[in-house]
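Taken in order, these protein sequences are the chains called A and B. For the first sequence, my numbering assigns the number 1 to the initial residue and increments by one for each residue that follows. For the second sequence, my numbering assigns the number 1001 to the initial residue and increments by one for each residue that follows.
Incorrect hints may have been included.
What the hints assert, rightly or not - What follows is a set of in silico ranges between Cβ atoms, one per label pair, in the way DEER data are often shown:
#1 A:Thr73 x B:Thr1033: 41 to 47 Å
#2 A:Ser146 x B:Val1015: 33 to 39 Å
#3 A:Arg75 x B:Gly1017: 46 to 52 Å
#4 A:Gly128 x B:Arg1046: 14 to 20 Å
#5 A:Pro143 x B:Arg1046: 34 to 40 Å
#6 B:Val1015 x A:Ala135: 26 to 32 Å
#7 B:Ala1021 x A:Arg124: 31 to 37 Å
#8 B:Thr1033 x A:Gly19: 16 to 22 Å
#9 A:His204 x B:Val1003: 22 to 28 Å
#10 A:His204 x B:Val1015: 31 to 37 Å
Everything labelled a hint here was simulated from the structure, so no lab data went into it. Cβ coordinates follow ideal geometry from the N, Cα and C atoms, glycine included.
This is what each chain is made of:
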Amino acid sequence: MDTDIRSTREAPTTSRAAGIALMLSSSLSSQSGAAVGALAFDVIGPVGVVAVRQWVAGAVLLAIGRPRLRSFTRRQWWPVLALAAVFAIMNVSLYAAIDRIGLGLAVTLEFLGPLAVALAGARRHALGCVVLAAAGVVVLTRPQPSSDYIGIGLALLAALCWATYILLNRTVGRRAPGLEGSAAAGAVSGLVYVPIGIAVLVAHPPTPGALACAAAAGLLSSLSRSSPTCWRCAASHPTSSGSS
Amino acid sequence: MSVSPVFAAGIGAVVLGETLAPLDWLGIGLVVTANSVAVFLASRARRRAAFRRAAGGRIGSDERAARRNKVLPQRDPGIHRSAGHLPERLCGAHRGGMPRRRSDVPDLDDLVAYRGGLVVLVRDLVDLGMHRDTIAYRCRPGGP
């Protein structure tokens, strides 16, 4: 009994430290992924970078999540398809925003999405946070004639997508085991970018360096975007190879 | 996650040569602060709700101390014991019957523990600080 209680007290401490480390490293890899991707903007443009990024991310997620697509039911497919659409729009709007207003500003504005989700969950004392965040946005955007409102709008669209992504990911996580749902969504959004990417790459012939940058962006951010909660799902639901 | 904008601004400055005005850093700081506070408030609200559900709405003055120690209120011995030492009945999922393997558990959060007529969701045990893997381990037949 004593050992039971001790183990339940120690476990959260270690898992919290590991969680923080995972969060910091995934955030770092996600942002460096975006920065490396931005290096290829001059050659293939933000849409080209996002296309290659989605292909790589789709392949990585398929390999990690190994979704059994044939066994998905209609109830599992619709949130997966919605997640794929949100995933696709989120990245193209974020990368287009990075191109126009810079990485720091774009990511900060995109961050208002998860902030809104957290505020909706906090219920009480949320008003203070809303005021703080709104002040931050006003300071960042400093409305003036020279402001790039399209860039700001794209970053806010990415924020909306990220909030939707979090909510949909919860639904997908409940309906499909482990990482299978997120993996399937990543693969579908990669498929969506096949025609778009081919068109862009034909119009703007890529250099090997640009392709490598975009692929590195996909690799770095797909390892982080499959959020920590999903890794926790994966840890508590090891992908069953034997059960059918 | 809260620090993402700071990382982004730093990496943008180093890798992409973006320069940010002091006001930009102030704005980033404000958004990051708002997010940290919101995440803290949300997790506290979840924890409190879990506590209320687990205690059947009866929260005493020892609530704060109990939460700090990651145990359920002493006044409810059934719940208290089930938090430290999960009962056998936890292994009965409310759908799908007895799982044979960990991977057969449809969704750990949907498992319920019955103790003294009270129902505890595993989700609530996790919110109270119990480790998922510990719960899953205990769900194995023949486990402790």
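These are the hints, each one checked on the structure:
The given range of 41 to 47 Å is respected by Thr73 (chain A) and Thr1033 (chain B), whose C-beta atoms sit roughly 43 Å from each other. A beta carbon spacing of about 25 Å between Ser146 (chain A) and Val1015 (chain B) contradicts the range 33 to 39 Å that was offered as a hint. At roughly 48 Å, the beta-carbon separation of Arg75 (chain A) and Gly1017 (chain B) lies within the given 46 to 52 Å, and the hint holds. For Gly128 (chain A) paired with Arg1046 (chain B), a C-beta distance near 19 Å keeps the hint of 14 to 20 Å intact.
Restraint check, Pro143 (chain A) to Arg1046 (chain B): a C-beta distance of roughly 36 Å satisfies the suggested window 34 to 40 Å. The hint said 26 to 32 Å for the Cβ distance between Val1015 (chain B) and Ala135 (chain A), and at roughly 28 Å that hint holds. With their beta carbons about 35 Å apart, Ala1021 (chain B) and Arg124 (chain A) fall inside the hinted range of 31 to 37 Å. Taking 16 to 22 Å as the suggested C-beta distance range, the pair Thr1033 (chain B) and Gly19 (chain A) conforms, at roughly 21 Å.
The hinted range of 22 to 28 Å is not satisfied by His204 (chain A) and Val1003 (chain B), whose Cβ atoms lie roughly 34 Å apart. At about 22 Å, the CB distance of His204 (chain A) to Val1015 (chain B) disagrees with the hint of 31 to 37 Å.
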